[in-house]
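Colleague: Next come the chains, spelled out residue by residue.
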Amino acid sequence: MSTDFSQRVRNHPKYPELVNRRKRLAWTLTGSTLGVFFTFVLVIAFSPQWLAIPISSSGVTTVAVPIGVAMIVFFWLSTGLYVRRATRDFDGLTEEILREAAK
Amino acid sequence: MNSFILKMLLAATAFGLLNPALAAEVKTQAANLPAIMMFVFFVLVTLGITYWAAKRTKTASDYYAAGGGITGTQNGLAIAGDLLSAATLLGISSLIFAKGYDGFLYCLCLIVAFPMILFIMAERLRNLGRYTVADVMSFRLAQRPVRTMTAISSLTVVIFYLIAQMVGAGQVIKLLFGIEYWVAVVAVGVLMVIYVTFGGMIATTWVQIVKAVLLVAGGTLVAMLAFVKFGLSFEALAAKAVSVHKDGIKILAPGVMFADPVSAVSLALGMVFGTAGLPHILMRFFTVPNSVESRKSVFVATGVMGFFFLMIGLIGLSAVVLVGTDPQYFEGGTIGGKLLGGGNMPAMHLAHAVGGNLLLGFMAAVAFATILAVVSGLALAGASAISHDIYANAIKRGTATEADEIRVSKTASLGLGVLAVALGIMFEKHNLAFLSGLTLGIAASASFPMLILSMYWRGLTTRGAVLGGLIGLVSALAFVIFSKAVWVTVLGYPKPLFPYEQPALFSMPLAFITAWLVSIMDNSPQAQQDRATFDDQDVMAETGYAR
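As given, the protein sequences belong to chains A and B, one line each in that order.
Adding 102 to a residue's 1-based position in the first sequence gives its number in the working numbering.
Adding 53 to a residue's 1-based position in the second sequence gives its number in the working numbering.
Since the hints were made in silico from the structure, they are not lab data.
Some clues are possibly wrong.
Simulated restraints, written as ranges between beta carbons of each label pair [unchecked claim]:
#1 B:T273 to A:S134: 23 to 31 Å
#2 A:G133 to B:P380: 48 to 56 Å
#3 B:Q579 to A:A204: 29 to 37 Å
#4 B:T387 to A:T141: 38 to 46 Å
#5 B:I478 to A:L144: 40 to 48 Å
#6 A:S149 to B:D457: 53 to 61 Å
#7 A:G133 to B:P314: 20 to 28 Å
#8 A:R186 to B:G396: 37 to 45 Å
#9 A:L144 to B:D457: 50 to 58 Å
#10 B:P578 to A:S134: 35 to 43 Å
Idealized CB from N, CA, C, for every residue including glycine.
Using the sequences and the hints, build the whole thing.
Modeller: Right, here's the structure in full:
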């Protein structure tokens with residue numbers, strides 16, 4: 103836990119790459135999931151009639167139903183995407199940085 | 054350790070408390086016999102788990118964090134279990150039964166918190182903390198003030214949440230099993246204390262996992278048995294529901310519940326960021342061995358919850374048709390009148406409608422199990438805040454031995470159990486609708502903002518974190534007390550002082566602004582040290598190198 107070790111990690115040429123790539127992925131995904139959700143909340147707050155439109159002229163199911171289901175699926179897939187990308191991109195890089203900083 | 058006492062206690066609880074209930078029940082309502090048998094079976098299994106866990110709980114790490122030995126998948130199930138309380142199963146399905154799509158919106162608010170938790174919190178929590186959220190907050194900030202503030206907000210959330218669960222538990226169990234309210238509350242309290250004191254986090258996690266599996270399986274079974282009656286066609290189900298519901302086509306779109314835009318946004322904010330600040334959910338990230346597993350656990354949890362929420366949607370809508378048109382589920386047989394057993398019962402009646410007494414019994418036992426598992430997680434989160442943050446670090450300044458710390462934690466969970474039972478009995482007749490808004494409001498305004506700032510903003514100082522957290526806590530409390538739900542409904546004043554029901558839209562920005570303002574004006578030596586150590590914290594957060 104020494105500051106010295108932490109300094110060596112920070113000075114590793116690949117450390118900024120790790121930090122920036124994770125930052126980009128994490129905040130892009132946070133922005134898109136929360137963005138989708140709060141857009142939906144604002145539509146409910148100010149213009150709920152948009153969600154009451156039926157999908158087809160013969161049925162009763164409204165667009166709100168598939169939108170709700172699609173959001174749940176989207177949230178789940180976005181967690182899957184993060185796990186996949188993080189495992190592929192970050193774990194090896196982290197290990198490499200730590201190994202070289204420990205020398 | 055103490056295994057003899059444990060066995061005696063297990064026997065006493067299993068037979069002493071439940072048998073009289075069983076005997077009384079058989080006479081009054083034969084329908085509940087399967088429920089009681091399945092419930093007794095669940096209790097025996099969980100007590101077995103507790104006995105097994107007690108033998109494996111040796112160190113503080115075992116007690117608080119299951120020794121870091123929970124896998125990502127197991128932890129995902131446990132997290133989903135923590136969020137899927139009886140309120141979710143019974144409350145949300147009954148909201149859908151009564152209001153249609155509006156009820157489903159609660160599911161969306163709860164689930165969207167988890168992607169965010171994964172992207173910006175899960176790995177960092179694992180890398181920076183050991184047992185409690187306050188570990189993360191005090192990684193670079195001064196131990197005593199920050200831990201005390203964090204522990205106070207965690208305890209406030211835990212105690213309010215416990216009261217809500219206890220009162221709900223007493224009412225639901227009274228209905229489903231026909232036993233006295235106070236007996237139900239005491240039984241929940243006793244079992245909760247046994248799980249937590251003897252089995253620590255290992256028992257609490259496995260009880261939660263077993264319950265999550267039972268709940269998802271039971272919910273899916275009820276939903277599918279009902280859905281088959283409509284030929285597995287959503288359009289057929291929806292058309293029938295629209296034709297029999299008094300609100301007709303309106304139930305398929307968001308409607309009256311969110312008519313006021315400010316309340317809608319405030320409720321959504323509180324639910325999303327409050328969920329991401331709940332201490333009993335965040336503590337689960339300390340039970341996995343590394344950040345790789347902590348990522349995986351959110352993926353599993355989100356999948357399980359998402360699937361279950363779709364089932365809840367089907368259950369609520371099917372109940373509109375299968376329960377809402379059947380006189381046997383209404384008092385006096387009047388369709389559209391009061392539901393037998395009260396407004397929370399549509400999911401239970403639906404279980405009876407599609408699977409008879411056996412399925413009703415199973416779902417009743419699952420509801421009881423759900424309550425037990427959730428209160429245990431809460432009690433452990435509260436006890437850890439008292440023993441690890443307040444006792445071991447704020448009072449003893451890190452000099453307490455592990456044995457002392459665990460002893461304090463067990464005493465604390467006993468104390469929380471007694472408090473929860475007492476408050477549960479005291480508030481039996483009160484309208485506690487404001488409690489969920491309050492707990493989530495506090496978590497969103499006191500816990501979440503300070504946690505995010507401490508992890509991401511170099512400028513946050515000890516003073517800023519403590520004052521920001523306190524302002525978040527006090528303002529959320531004050532807004533709820535001055536709102537209609539407490540000021541008018543509970544305290545009986547004619548007009549609310551705060552016009553909205555939900556505090557988060559106002560208390561969250563207040564907390565953020567206070568923390569920011571106090572931090573930028575803080576030039577104390579402590580503040581300089583707080584900022585200087587951010588780089589070290591960041592390396593730890595990014596790489597988790599000490600693990």
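Colleague: Each hint should be assessed against the structure and marked as holding or not.
Modeller: Each hint, compared with the structure:
1. Here the CB-CB span from B:T273 to A:S134 is close to 30 Å, well matched to the stated 23 to 31 Å.
2. A hinted range of 48 to 56 Å holds for the C-beta pair A:G133 and B:P380, which are about 51 Å apart.
3. In this structure the supplied range 29 to 37 Å holds for B:Q579 paired with A:A204, their Cβ-Cβ distance being about 32 Å.
4. Remark: the range hint 38 to 46 Å for B:T387 to A:T141 is upheld by a beta-carbon distance near 43 Å.
5. Our hint of 40 to 48 Å for B:I478 and A:L144 holds, since their Cβ atoms are close to 43 Å apart.
6. Judged by the Cβ atoms, the range 53 to 61 Å given for A:S149 and B:D457 holds: they are separated by roughly 59 Å.
7. Between A:G133 and B:P314 the C-beta distance comes to about 22 Å, which sits within the given range of 20 to 28 Å.
8. Under the hint 37 to 45 Å, the C-beta atoms of A:R186 and B:G396, about 43 Å apart, fit the expected range.
9. For the pair A:L144 and B:D457, the supplied restraint of 50 to 58 Å holds, since their beta-carbon distance comes to about 52 Å.
10. A hinted range of 35 to 43 Å holds for the C-beta pair B:P578 and A:S134, which are about 42 Å apart.
The structure is consistent with each of the numbered hints, conforming to all of them.
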